[in-house]
Amino acid sequence: MGGLTSLLIPLEGGAEATGWADCGGEHHWPPGQLSFCSRPLFPGLGEQFFWLNNILAQAVIAAILVITFWVLVSRNMKMVPGKLQSFGEMAYDMVRNGVARDILGHDFRPFVPYLLTVFSFILVNNFFGQFFLFMMPTFSKIGYVYALALLSWLLYNAVGIKKYGFGGYMKKMCLPPGVPPALWIIIIPLEFLSNIIVRPVTLALRLFANLFAGHLVVLVFVAGGSMLLLANETYGGFPIPLLKTAGVVSILFSFAVFALELLIAFIQAYVFTVLTAQYVSSALAEDH
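To convert a position in the sequence shown, counted from 1, into the numbering used here, add 1078.
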């Protein structure tokens, strides 16, 4: 599939173009879950280097961009800020005051760097799904999302254990005050699953599902519209002019979906950051 689809969906046909795929050599057309397969950066090295792929490159590029941005913002700060400093200050203020301070209270300062880093890193990686040179949101690959959720899981459990000790923290998280002893056998396992096991899983799946589903919708509209525009024979009794008209509508609608995906990219980065702060707050709270 060429033309507009090749420009907007460079991941399509990745297995055929490289002679190697991480999905068992399956074709990537029509769009589906196989469209999210990683593409090797160096196909000639063999499958043992499958981890050197485009998704890893995106994560590394995102890290470099985030570090570079905040270094540039923090250097030579002026009383009258320029555009870059103003943008950085707005982002910092949103995370510092709108997330960390509002949720964590007076103990928020030690957690601002992590929350700001998480928000920035997720946002940049999410925007890769709308940038035509990448056209793949990094966190549509579940392994990267689980790794990020694991960091947040380690953080909120570590600060809770540091404050209360392991036994005190587990009691706090698994046994709410005022629960009758007769219900402990039910409440303790449920609270353990909810606070220790389920939290990082739901934190990861929420981000993954939104990015995966949203990008799949974009693929369907762009690829489907391209196929209709290139139609040279009738399908299902519909004449060619009608098919081409539907193709134009589909392509135009895909731009509206792109705009929606930009909003979702920001919202999901914000939600992940807010939930991380909330979990840290619950781990530190005196009353649970």
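Since the hints were made in silico from the structure, they are not lab data.
Note that the structure is a prediction, hence the values are computed from the model and not measured.
Cβ atoms here follow ideal geometry from the backbone N, Cα and C, with glycine treated the same way.
There's no promise every hint is true.
Estimated spans, in silico, between C-beta atoms of each pair [said to hold, decoys possible]: (1) I1274 with E1364: 39 to 45 Å; (2) E1167 with I1345: 32 to 38 Å; (3) L1228 with S1164: 33 to 39 Å; (4) V1257 with F1336: 47 to 53 Å; (5) G1122 with A1324: 17 to 23 Å; (6) G1160 with W1262: 41 to 47 Å; (7) G1160 with D1185: 29 to 35 Å.
Structure-inconsistent hints, enumerated in ascending order: Hints 1, 2, 5 and 6 not satisfied by this model.
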